[in-house]
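Peer 1: Residue strings, one per chain:
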Amino acid sequence: MRREWIYALLLLLPAMVLLMGFTHIPAVETVISSFFSTPTGRRPARFVGIENYRYLLEDNVFIRSAINNVIYSAITIPASIILALIMALFVHNRMKGLSFLRMAYFTPTVLPMIAVGNIWLFFYTPSFGLIDQIRSLFGFAAQNWLGNTDSVLFTVIVVAVWKNAGFFMIFYLAALQTIPVQLREAASLEGAGRWTFFRRVTLPLIMPTTLFIMVNAIINSVRLIDHIFIMTLGGPANASRLLLFHIYEVAFEYWDTASASAMTVVILFVLSLLAIGQFFWLDRKVHYK
Amino acid sequence: MASKFLKSATVAALLSAVSMPALAVDLQFYFPVSVGGKAADTIQALTEEYVKNHDDVKIDAIYAGSYTDALTKAITASRGGKAPQLSVLLSTDMYTLIDQDLIEPFDDFVSEEEGKEWFGSFYPAFMLNSQTGGKTYGIPFQRSTPVMYWNKEAFKEAGLDPEKAPATWEEMVEYGHKLTKKDDNGNVTQWGLRIPLDGFPYWLFQGLSTPAGAILANAEGNETDFDNPKVVEALEFLVKMAKEEKIMEEGVTAWSATPKAFFEREAAMIWTTTGNLTNIRTNAPFDFGVGFLPKHERYGAPTGGGNFVLFKDASEEQKAAAVDFVKWMSEPEQAAVWSIATGYVAPSPAAWETEAMKAYAKEVPQAAVARDQLEYAVAELSTYDNQKVTNFLNDAIHAALAGEKSPADALAEAQKKADRVLKNYR
Amino acid sequence: MTAQDYTFAARLDRWLMTLGAWLLAILWILPLLYAVWTAFHPSAYETHFTLTAPLTLANFPKAWAQAPFARYFLNTMIMVFMTLSVQLVLSTFAAYAFARLRFPGKNILFTLVLLQLMVTPDILLVKNYETMSMLGLVDSILAIGLPYFASGFCIFLLRQTFMTIPKELDDAARIEGEGLLGTLWRVYIPLAKPTYLAFGLVSVSAHWNDFLWPLIVTNSVETRPLTVGLSVFSMTESGVEWSVINAATLMTSGPLLVGFLLFQRQFVQSFMRAGIK
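Quick note, the sequences are listed as chains A, B and C, same order.
First residue of the first sequence? That's 436 in my numbering, and the numbers climb one at a time after it.
First residue of the second sequence? That's 240 in my numbering, and the numbers climb one at a time after it.
First residue of the third sequence? That's 39 in my numbering, and the numbers climb one at a time after it.
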């Protein structure tokens, strides 16, 4: 028995050291730092209790970022999942021009977000940007998509959905392929329409995949903020500011590491809840293999 | 045998390429490139020229990105113990760098006489963001002011004198009306005016608040005056131009797309940095003019751009070498080369007297406009905790433009927040 | 319903679906098409889509000259392949331990691994940056990859795969005198090839396109990857020349894009393999 333990230790050591070093330990450190003030060149950090959190509640830029992120996640996650499923169905059902379809849907995944931002910046530019050019064919006026606080959050949502849907499509494709063809045939023999089949058979069978994708979508809606750098820089008036972008600015432009830590803890808290939920769910799936 | 050696040598080489930080040379010099590719080449060329004539110094000019990037890089490098010895950074970063204990004044490296001469050789407007507490922390290098460009063809079409720019706020609105064109559906095809306020609205806004007669912050960097009635007047005027007079597009317009909008005739008058002159000269499909920002109570504009700063964390030899390099770069000949290549304003009167500069000014009279405007220029907004405080103003400007708050309310809030932060520095 | 109605309805249905699929595809590929258009036309035609516009290759050398893309390419490739190699090695060991060995605390440790799927290193950017600073690794290529070397996702996938390998093969290897490592090498790794490939593709494309963490941890040309180089290049004060930026974009995503176009089916198959739960 003991020898097995030693082997396990050796095999696991490198991976666990790195994992702990860059995920778990920093997470704990962040929580601890959030209770101290920011150390500057002249003053070391002092314990301030929940002062940083209280400041967060008064910081309307943080509140705005949090609200923006909630709206952003609430729309990008279902939208990209539903689109991914639709795309998967199109590809799975072998529509004409399969290769082209698959390539078109998947291409956003291989483009870096930073590059994507520039292209969409052009699309959204008023008057001579692509979207306005098309709209002017129908007589619509130019719109300042990126410059209006009402519309800017949706512009970045569109970009995120565009980027993510193709990637999620692949997972659905895999899942769809595992559905036995006989089921389909049996169903049509029984007179079940396509929609009924979809609802009663397909959807439940791909549920685990949906869950997996959802987890990915949640994480992406928090960590994929590259397009903000190019398209809006969080503006105007913080209408498109997302949490991680705000943390970046607070930590690396204002140099206020204490506030940044407190904000990170908020994100960590929400994500941990979701992670634990995921573990229990997935574990059940894994075990009935 | 040989193949094994080769393999391990390759591994060793790869490992060292991978874990070794950026090559350490005698002097590291971070510079932001803000006006397109040719600028980077010119800096490299100038640096190489200096190094050629000074055997004892090696200078690695490192391209650091935007101004914000360069500041972030310089500070993170310093915190990581690998500060550069010098850098060109935004003049407004001065207080932040002092507070973080990162830079040294140039005074310590020159005699008092020399110092007076050197520092006094620059246009006073540029020294406003470069000196504090009686010491000089920045040497002007790539400086600019915002100016107004106008489309002469569009002026002619609108029945205006193409050689005459609007000189006052009222005139600007009047011209704006004549220049704003609509198509048959009532949609605007050409806006009279475009003041892009996305990334750093406070800068062009100073082009309104200064003519209104207000100064936004004090010289010590610890107090702001955002809620001054004249500032409110400036912001109200800005909002009025978009919402009521309708000579400007509503909402916030993009800085980066502004020259393009100008070329596409989407805007007949634009406000942007003089640093865009070369770009506009090269690409504008029509004759254009460059003029002062219109006056209200007075003429006025902020200065902008970057200074050389000297980092503390360096050996005495390095600092001395760095100062010498900066001195050389700020000499009239080099300043002229830099200014001509990029469109930045040569920061010293002596530079304008060089043959090269005189010839350039003759060929491109628009370049001298920014220089002439210096007489009326004021310091760019700069305080301790600069990014945070500036963002308070930025948010206020955006909120007012978006109609979310009234200008007075937005500015009052910005002032309150700024006060809270700057209290600690008084 | 007569037989003809049925076929007609079905055909119309299919036709509509095809139309829908194509519209969606065209919409989806529009950005890439635009990038290609502007990269191959002069800057005056960035916003005018006249079919007779002159083609040009000049944007590419222009973009190439304006930033040290060759170095950025090298940095990115070193970073991506280094990260992948270490990921594969470390994850193989860890996955094997989780899949086949028994030891105390196994479940807790595995939960910790799974946590990393949600809490990725780039969310903890402030602390991780400080760690790099402490290790003296700021502004090195190693620093870009290090937080990702232990990949929860890879460990998870490999553990799945390993658990499906029949124990008889283990026994057979033991009979032949193989120790633990030998069994790994001769039995498990070959059988998990599809998973390795799948993960490899996921990892390469994820890290090729990674932006925020490299932005923070690199300062200079010698270490910057393509994504950061592209952002530095495209955020200038004097306005955007889209034709040049898009030429740069095509150059930087070129390898991945071309790789994907050529190996579309394999690419997709691999991703699908990775996704099979």
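Some hints here could point you the wrong way.
[As the list claims (entries may be wrong)] Now the stretches of chain A that chain B is said to cover, found in silico as 3 or more residues with beta-carbon under 8 Å:
id : region
1  : 459-472
2  : 602-611
3  : 669-680
[Unchecked claim] Taking lysine to any residue and the SDA-like style, the derived pairs with C-alpha atoms no more than 20 Å apart in a straight line are:
id : chain 1 : residue 1 : chain 2 : residue 2
4  : B       : Lys655    : A       : Asp494
5  : B       : Lys662    : B       : Asn457
6  : B       : Lys662    : A       : Leu611
I should point out that these hints are in silico values taken from the structure, not numbers from a laboratory.
These numbers were taken from a predicted model, which means no experiment stands behind them.
Where a beta carbon is used, it is the ideal one built from N, C-alpha and C, also for glycine.
Peer 1: All hints are to be evaluated individually against the structure, with a verdict given for each.
Peer 2: Cross-check of the supplied hints:
With 0 residues bearing a CB less than 8 Å from a CB of chain B, the region 459-472 of chain A misses the requirement of three and the coverage assertion fails. Counting residues of the region 602-611 of chain A whose CB lies closer than 8 Å to any CB of chain B gives 0, which falls below the minimum of 3, so the coverage claim is violated. Residues of the region 669-680 of chain A lying with their CB closer than 8 Å to a CB of chain B number 5, which satisfies the three-residue condition for coverage. A threshold of 20 Å between alpha carbons decides the hint, and for Lys655 (chain B) with Asp494 (chain A) the separation of about 13 Å falls inside it, so the pair holds.
At most 20 Å may separate the alpha-carbon atoms for a hinted pair to count; Lys662 (chain B) and Asn457 (chain B) meet this at roughly 13 Å. Distance restraint check for Lys662 (chain B) and Leu611 (chain A): the Cα-Cα separation of roughly 62 Å exceeds the 20 Å cut-off, and the hinted pair is therefore not satisfied.
The earlier numbered hints that this structure contradicts are 1, 2, 6.
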